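J.: Sequence:
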Amino acid sequence: MLVGMRLASGIRALYELALLPERRSAVREIAKSCGVSEPFLRRIFLDLRAKGYLEAQKGRAGGFKLIKEPQTIKIADLANILEKEPALVLGRVRRDLIPVDPSCPTYPFWKGLEDKFMQDMEKLTLADVIALAGEAKTSTKSRAKTARKTQKKKERTKTARTKKRAKR
Numbered sequence: 001m002l003v004g005m006r007l008a009s010g011i012r013a014l015y016e017l018a019l020l021p022e023r024r025s026a027v028r029e030i031a032k033s034c035g036v037s038e039p040f041l042r043r044i045f046l047d048l049r050a051k052g053y054l055e056a057q058k059g060r061a062g063g064f065k066l067i068k069e070p071q072t073i074k075i076a077d078l079a080n081i082l083e084k085e086p087a088l089v090l091g092r093v094r095r096d097l098i099p100v101d102p103s104c105p106t107y108p109f110w111k112g113l114e115d116k117f118m119q120d121m122e123k124l125t126l127a128d129v130i131a132l133a134g135e136a137k138t139s140t141k142s143r144a145k146t147a148r149k150t151q152k153k154k155e156r157t158k159t160a161r162t163k164k165r166a167k168r
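For the sequence shown, this note's numbering gives the first residue as 1, with consecutive numbering after it.
In short, the hints are calculated from the structure, not lab data. Mixed in with the good hints there might be a few duds.
[As the list claims (entries may be wrong)] Simulated pairs of lysine to aspartate or glutamate, EDC-like, Cα-Cα distance not exceeding 20 Å:
(1) Lys74 with Glu114
(2) Lys65 with Glu22
(3) Lys51 with Glu69
(4) Lys58 with Glu29
(5) Lys116 with Asp128
(6) Lys111 with Glu83
(7) Lys74 with Glu122
(8) Lys116 with Glu83
(9) Lys123 with Glu69
(10) Lys74 with Asp120
(11) Lys32 with Glu16
(12) Lys68 with Glu16
(13) Lys111 with Glu85
(14) Lys111 with Asp101
On a predicted model such as this, the values are computed, not experimentally measured, just so you know.
Input sequences plus hints: build the corresponding full structure.
T.: Shown next, in the form of structure tokens:
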């Protein structure tokens, strides 16, 4: 799925801030972890600060801090703040995409689909993003642990074979 750069970066940055609720984070640190430029993320943070999601402090111990609880931050609200017109596209980047305008006979179908998607986004919060990311990390760690065990087992078997051959 493709989403607007500001929305994707904003949610990722809020995710990073939510993981460290007790401290302020420098834009530089967050921008680096999100893979975006510092000025780009600073503009996003200023928009979110103006809407009451973040507080900022200047100086050596300064930075940005999330001031709303993740469970109260609706993804649809972030989409409305960060994107002029949220762009949601399923699939890969393609050059032959066109907008469907109201004069098209298929417009009601696409508009209905978009409305349903936006209704679902109204129900989702930053807390949901954090929970799903945690599940994905756990799943990834579990797969990595299984892969390590399998690799160690293969190595032990290979070592045992080598020892048997050496005894012969």
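J.: Broken hints, numbered, in rising order?
T.: none
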